[in-house]
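Chemist: Sequence:
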Amino acid sequence: MQKLNKNVYDHYTQYPEKILQFGEGNFLRGFIDWQIDQLNQHTDFNGSVAVVQPRGSEKIKRLNQQNGLYTLFLQGMKDGEAVNEHMIINSISRGIDLFSDYEAYKELASSEELRFIISNTTEAGIVCEEKDRLEDRPQKTFPGKLTAFLYFRYQAFKGDQTKGCVLIPCELIENNGEKLRETVLHYAHLWKLEEGFTQWIHEANTFCNSLVDRIVPGFPVDSIDEITADLGYQDDLIVVGEQYYLWVIEGPDWIGKELPFAAAGLHTKIVSDLIPYRTKKVRILNGAHTAMTPVALLYGLKTVRDAVEHPEVGRFIRELIDDEILPVLKMEGLSQYADDVVNRFKNPYIKHYLESIALNAISKFKTRNLPTLKEYAEQKGQLPERLVFSFSALLYFYHDNETLQDDPAVLQFFKEVWCQEDGDMLRIASRVLGEQRLWGADLNEIPKLTDRVAVYLNHIHELGMQRALEQYCIQGGEVR
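Per full-length UniProt numbering, the sequence shown runs over residues 1 to 480.
For the record, the hints were derived by calculation from the structure and aren't laboratory data.
Computed list of lysine-lysine pairs in DSS-like fashion (alpha-carbon distance at most 25 Å, straight line):
| hint | residue 1 | residue 2 |
| --- | --- | --- |
| 1 | Lys140 | Lys61 |
| 2 | Lys131 | Lys179 |
| 3 | Lys448 | Lys380 |
| 4 | Lys351 | Lys281 |
| 5 | Lys140 | Lys192 |
| 6 | Lys448 | Lys366 |
| 7 | Lys330 | Lys281 |
| 8 | Lys366 | Lys179 |
| 9 | Lys140 | Lys366 |
| 10 | Lys106 | Lys140 |
| 11 | Lys380 | Lys330 |
Please model the complete structure; the sequences and the hints are all you need to start from.
Modeler: And the structure:
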C-alpha cells in the first residue's frame, strides 16, 4: 500500500513559508496546522508552516517522507449532531532537523515571506539554560533556539523594523507571550548581544499571549489497521481530535487581518484581555485532566473516558470540579462550562490516553492545579481534600515508575527522595513539598498540607488506589 505523499494526494499545493513552528506533535497538527489549512482553503492567506522539532528528529523524517501531508480525523458533536469526518492537511511545507541541517534553519531566518512563529513545547518548554550558547548547533532549549533564530534574522535584514515577527506561543502557562519575550531578552543579555538587537526585539516583534482549547488524543493506535484499510493509503502521522476548538489570542486587532480567521469562519478570537478565557479553561478542563490522571492510572484505567464514566473515579472527578475548582473562580457561566467539559471527556469517538496527559505532569500540576489548591486554602481556611488526594497520587505515581516522561532532573529528584527516605511518607512529603524548583514556593508553608499528603501517600501505598479511593468516596472526602 502506498504511503501518503504528494503523489497520492491530487490536491497537493505548495505555499510560501509564512510560519515557523516549534513542535510537530499531535496537538499542533490537530489544531494550529488544521486552522492554517482552513485559511488557505477559504481566504487569500496563502501560507505554509515550516516545522522544527524541539527534541530529536524521527517525526521530522516522517513528515518529510509524506511531504508534510497527514490525515486529520475530527470526531464529536458539531452543530448539535455527532460528526466523524476526516481530511488531508496540506499546510506543512517541510520539517527542519536542527541536528543534521542547522543551515536550513539559519537560512529560513532570512526569508522575506516569514511572518509568524508558533510554538507548543509543553509547560516546561519556556525556560532558560544558562549553558546554552549562540554558537551551539542547536541550543538545548526552545527559547535558546528561538533567540538564535531571531538574531540571525536581525543580522540578515540589518535590523529592519519591518522584518520582525508575530510570535504566538501555545504553551499552557500564564502570560506565555510575555514569558517568552522575557526569556529571549534574557538570552540576549546572557550572550552579550548588541543593544540594537534588544531594541529590535522590543519594537519590531509582537509577542502575543494565547490560549488553546481542543482535545487531541493523537495517533489512533487501537484502530490503525481498520483506518488504513478504509483510507487506501498508509499514513504514519494520522491525528485524531475532537470537533470542539477555541483559540484566543491577546493582541492588536491588525493580527486578525494578517491571520483572517473570521473570514474563514474559524472560532479564533483576537482579544485585549485573555485572563478570563485562560483561567476558566486551564483551571477546569486542564485542571481536571491533570487531577484525574495519576488517580485513574493508579486505579488501572487507560483513557479519560474510562475515568469519567467509572463509578468511583468519575464521581471523584466531578466532585473535585464542582466542590473545589468552581468555588474559587469568581466568574459567570462556570457550571455550564464544567458540564460541557465533562461531556467532551465522554466523547465516544475519542480515545484520550491518560499516559499522554502524564507527560511533564509535575509542571502541569504547578500550572493547572496548584493555584486552585492555594486559593481554596486561603479562601476557605481548609484544604481541598480531593485535590490534595490527587496531588498525593501524583507524588506516588512518581515512585518507581519506568513509564514516566519528564525532565531528567525532575525524575532524578523523585528517585533520590523515594530511595533515601525509605518509605517514611512524612519525610517524603516534606522534601517534595519543600522543593521550590518544582513549585516556585515551599508548599510545607500551606497549613496541614504536608501531613495530609503523608496520610494519603500512606493509604495509597498500603491499600492500593482502588481501596484508598473507595474508602475516600464512602467516607465523604477523607481517608481516615
